[in-house]
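The listed protein sequences derive, respectively, from chains S and H.
By my numbering, the letter at position 463 of the first sequence is numbered 458, and the numbering carries on one by one without gaps.
Convert by adding 179 to the 1-based position in the second sequence; the result is the number in my numbering.
Hint data in this document are derived by calculation from the structure and do not stem from the laboratory.
Misleading hints may appear alongside valid ones.
Stated by the list, open to error - Simulated coverage check for chain S against chain H, where a stretch passes if three residues somewhere in it have a Cβ under 8 Å from a Cβ of chain H:
| no. | segment |
| --- | --- |
| 1 | 291 to 297 |
| 2 | 461 to 469 |
| 3 | 572 to 582 |
Just so it is clear, CB atoms sit at the ideal spot from N, CA and C, and this is done for glycine as well.
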Amino acid sequence: MAKYKTHLLVCGGTGCKASASDVIKDKLTRELDEKGLADECQVVMTGCFGFCEKGPIVKVLPDNTFYTQVTPDDAKEIIEEHIIKGRKVDRLLYKDPTSKEEISDSKHMGFYKKQMRIALRNCGFIDPENIEEAIARDAYAALGKVLGEMTPVEATQIVLDSGLRGRGGGGFPTGLKWKLTAQEKADQKYVVCNADEGDPGAFMDRSILEGDPHTVIEAMAINGYCTGATKGLVYIRAEYPLAITRLKIALEQAREYGLLGKDILGKGFDFEIEIRYGAGAFVCGEETALIHSMEGERGEPTFKPPFPSVEGYRKKPTNVNNVETYANIPVIFLKGAEWFSAIGTEKSKGTKVFALAGKINNVGLIEVPMGTTLREVIYEIGGGIKDSKKFKAVQTGGPSGGCLTEKHLDTPIDYDSLIACGSMMGSGGMIVMDEDDCMVSMAKFYLEFTVEESCGKCAPCRIGNKRLHEQLELITQGKGSKENLEKIRDLCGVIKDTSLCGLGQTSPNPVLSTMDNFWDEYIAHVEEHKCASGACKDLMKYIIDAEPCVGCTACARVCPVGAIAGERKGPHTIDQSICIKCGACVDKCKFNAISIK
Amino acid sequence: MEFVNLTIDNKSVKVEKGTSILEAARSVGVEIPTLCHMKLDDVNIENKPGGCRICVVEVDGRRNLAPSCCTKADADMVVKTNTMRVLNSRRTVLELILSDHPADCLICAKSGNCELQDMAHKLGVREIHFKGEQSTYKEDFSPSIIRDLNKCIMCRRCETMCNEVQTVGTLHAVNRGFMAVVAPAFEMDLEKSTCTYCGQCVAVCPTGALTEVDHTNEIVRALADPKKKVVVQTAPAVRAALGEEFGLEPGTLVTGQMAAALRRLGFDYVFDTDFSADLTIMEEGTELLGRLGKHLAGDKDVKLPILTSCCPGWVNFFEKQFPDMLDIPSTARSPQQMFGAIAKTYFADKIETKREDMVVVSVMPCLAKKYECQREEFATDGNPDVDYSISTRELAQLIQRANIDFNTLPNEDFDHPMGESTGAAVIFGTTGGVIEAAARTAYEVHTKKKLEKVDFEELRGMEGIRSATIDFDGLPINIGIAHGLGNARKLLEDVQAGKSEFHAIEVMACPGGCIGGGGQPLHHGDSSVLKARQLALYKEDKNKPIRKSHENPYIAKLYEEFLGAPLSEKAHHLLHTHYFDKKKDIEIE
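Construct all of the structure, not just a fragment, from the sequences and the given hints.
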C-alpha cells in the first residue's frame, strides 16, 4: 500500500453494497483517472466498518476522515474537494447525535472510541480479495510461527492459556475443545468452522468472512495442526453469497501461496479446506445438527455424548469452532496468551463482537473488551436511545437469551454475569428496546422464531414451543387470564428440562426473563387487557370523544372498513367489533377527537 | 468386559458399561415408559432418536432431565425415574403429544393396540391442559398401506425400519418444527415412491399413523352374497402367529382352529396356500435345475444365481431399485398368485363355477400381498386371480366380529384338493424355508436318489445373511439366504458386481421371513416372538406325513389332469410371470 499517498476505503460489506457502494467505488476510481491521480491515490473496497446505520461508508487514509451515507453522486465532490483541494466534505461527515458536532476522524467518534478490534481488526481496512493486503497485516505469520516453532501440544497450550472461550454462544473453553479432539486417536480428524450464523440480527460472522477471510483460513490451519486434522470444512449458509465468494477467492489465493495444501511452508504439514453449504436452518448452528447436515443427513441434533471431539463428521473426531472464535486465534499467537488474557474479565478473556440494533442511535457491528458495561455500549458506543425515548430493556443472546433492564445497565458484559442476570452472551445479538416496546410481544416474537426454526425432532420443542406461542398469542389478543400465565411458566419449565438440544433447552428464556423483569406488564395484559406500549393492537381501542367531535364525517370517510357511524354535524362513534385499529381516523381528525385507550 | 455400578430408584444395579439407563432399569424391574425407543436385538439396530422425551429421568448432578434411552449408565450414577419433577415433565410432554393428536380413538384402526393410548392410560392423563392448533396432513392411500400423518408422533421407528433395516429409503423426517413429520421425499404419495409395501413400518408404528388397507368389509360382503363361491387360502406363517391375537403364547400352532374359524365365517372352500407352495417348488425347482444344467453344460448366457421370487416385497424392491437385473430372479409367481390362477381355472372347472362368480381370498402375514394381487398381470379380463388379500390381524378381527370363540374351536382339516400340502410348504413361512423346500425336491429330481436326511439344518437360523453348500451327490450347490431387504441388497450388489458365487439365493423381504411379516400380530421388536413362530413351523413340518413337495399327491394329480409338466406352456401361462422396470415410475411431483 506504500506507494500511494492517499487511500480511499469503500465499504464492501453486504449492507453497503446493497446501497451501491460498488458504484461509489467505480465512480471514485473514474474520477481519479480523469484527474490523473490514479498513481497517487488508490480506491480499495474493504470489508465492513461496522457502522452500518450510516452506510455506505467511505474512509480516507491517512487522515482518517469518515464519510457517511455516501451516494455515487458524492464521488466527484469527494475527489475534487477532499483529494485535490484538501477540504473535507462537511455534509458527509458524521454528526454526533447529542452534541450535534461534526466529527471527521473516526477515532473520535463515540461509536469507535470504546471499541477494541481484535476479531474485526482487518475488517474495513484491507481488501479481502487480495491476500497480499492480508499478509501485509500479518496474516499467516501466526501459522508460520506455530508450524516453525511449536509442537501441537505447545500451540494448544497457548490457546488454553489465553482463556479464549467459544464465541458462538456456548462459551466453552476453546483450548480445551482442541485438546479433547487432539487426544483422540483416529486415522482422520476434521476441523469445522461454524459459519451458520442464525441469531436474528447477528451478522458478525458474515462480516468477518466478508472482510477478513484469511484470518479464518489461517486459524483453521493452526487448529488442524494442533488437533491432528488434515481436513477443514467451512459450514456456511448459502444466503451469504458475498462471504462465500470472498472465502472461495481467499482459499484459492492461499493455495496459490502454499498456505494450504501439501507441506505448508515446507514444514511437512498438510491441510485443505472445503466449503459446505447450509440451507439456513437455525438449528444447524448446533454442532451435531451441523455435522449431520454436512453429511447430507437431515440437519437435526443428536444427543451428546458422544461429543464431536470423539465422534463427529463421518464418525471421526471433529473440532467445531465458530467464525469469531477463529478470528481471535492468529492474534493470540502473534501477541501472546498473556496479552490476550489481560483483556476482559476474570473468566471471560478478550473481546466480543455485538450486533447492536433496535431503538438505538448507532446501529452496527461493534467489538468491545469483555467487561465493558451495557451502559457504555448503549449510551457511548450506541449513542443512546433513538428520539430521546426512555430505555426499557436490552435483549442479548437472541432467541436463547433474555432481557436485561435498567438495573442491569452497569453489569460488565461477560459470559457468566449475563447468565447470572437471566440472559446469556449468545452469538452477540444485542437489541435495544424503548418505552414503545411491549415485552410480551417481544417474547412472542422470539418464540415465533423458535417455533419456525425447531427441527421438530423432540416433542417438547416441536409441540411445546408451539403451545407456548399460542398462549402468548392469547395474551396479546386480550384473551388471556392469570391461569394462562401459570400455564406458561409450567410449560417453560418442562420445555427447558426435557428438550433434546440447546435450542429447546433455551427457547423459553425470552419468556421467562420478560416475566421475571416485566411481570406487571404481563398482569396488565391479562387482568386489565391493556398494553401500555400500544404494541398489542388487539388490546387498543380507538374512541371518539363526543365533545370535540363536530361531525365533519372525515373519519367515517377514511375508515377502510366502515366502522365509524354518525350523523353529519353530530358526534360519531366507532364500532369496536369492526375496527381494525389502522389509525387512519386519528390521522384524519382535525379536532383531536379520537383517542387511543 | 467392564461393568459399572449405579443406583436406580434406590436399587443397586450392575450393568455392562455402555448400557443405557433404560435397559439398566429394566434389568432390575423398573420399566421406564417410552414411545420412540425400539431395539431389534437380532439385527443389532436400535431406534433411539431421543425424540419422545417420555423416558426422561433425573440423574443426580445433571441440570436437565436425561433421556434414559440414550444416556449411558455410568459408575456411581444416581438415577430417579419417578420423582415429582420427572412425573410432571413426563405427563406434560405426553399431554403435548396428545394435544397434536386426533382424539378419535373410538374409531381408530389401532384402538386397543396403540402405544400412545396405553401411555395416556398408564400416566393417568385425564385432561389436556394445552389445546391449540393440530396438524392437518392429507391422508395417503396406497394399495397396501394407509398413512394418516395426523397421528404421527415422530417416533421415527418407521424411518429406522425403512432405511436401516430395509434400506428402501422411502420414509424420512421432512419439514421443520410443528410441521415436521415422517414422509417420502417431497411428501409424495407412497404409490409413487420407492416403497415396497413390506409393511415393516406398519409393524412398528406405535399409533394409527401407519395402518394396512382394510379389506375385511369386502370379504363380509362377498361371504353374504349367495351367488358367490368364496374360496380362502392361508399362508404358512399365519398359523404360527394368529393365536397371539387371541392371547395364546407366541409359537402356538393354530392350523386346525384356523380352518375351523374360516369355515364358521362362511367360506365355501377352506384351502391352504401351502398347496401352491408345493406347486411353487415344482416350478421354481425345475427352473433352477434347468438353469444349473445349462450352466454346467457350459452355456455362457445362462443367468446364475437364480433368486427366489415368492416374496412380493422383494419383487417390488428389485423392480424399483435394480431394474437392470430383472432376468435374474425366478419367473415363478408367488404361492398366493399360483393359488389364485389354479383356483380360478382348474378348481373353478371342477366345481363348475364361472370365474366371475368365484371370490378368492388370501390370508397373508404380509401387506405387499395386497398390492401383488392387484397387479394387472395377475388378472384375466379385469378379474383378478386373487380378489382380496387380508393380513393375519384382519383375519383375527373378522373372527372376533363374527362372535367366534377362537380358543374353544375344534381342530379341523383343510378342504380338498387345494388344502393338501407337505412339510416343505409349511416352512415357506420362515427365512431359509423356501430354499430348503427347493433343495429337498431338486436333490431327488437331480440325483434320482432318495434324500437320506430331509432336514437341512445348515440352511436354518436367524442371521441376516447365511450361506451353505449342499452336496448334490458330488455336485456342490452354493446357497445364499437373506432376509430383510438390507441384507438382500448386499447379496444383490454382489450379483450385480459379478462377485456372487451362489447358484441360488433365497430372499424374503421381512426380517425372519413371513413369520415377521408386516401383516402379523405386532411383535414390538421382540425377536423371541419370531423365534417361537419359526420353531412352530419347523415343528409342523416335522409332524407332516409327507415332507417333500414333489410327493404331494394332489400336486401330482394337478399336473396329470391339468398342467402337464412343470414349465409346460400352460404352467408358463398360469404360474409364471415377468418383471417390470418400476424405477422409472417413481415420480416426484
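Verification of the supplied hints:
no. : hint       : in the structure
1   : 291 to 297 : holds (count 3)
2   : 461 to 469 : holds (count 4)
3   : 572 to 582 : violated (count 0)
Going through the hint list in order, the structure does not satisfy hint 3, though it satisfies all others.
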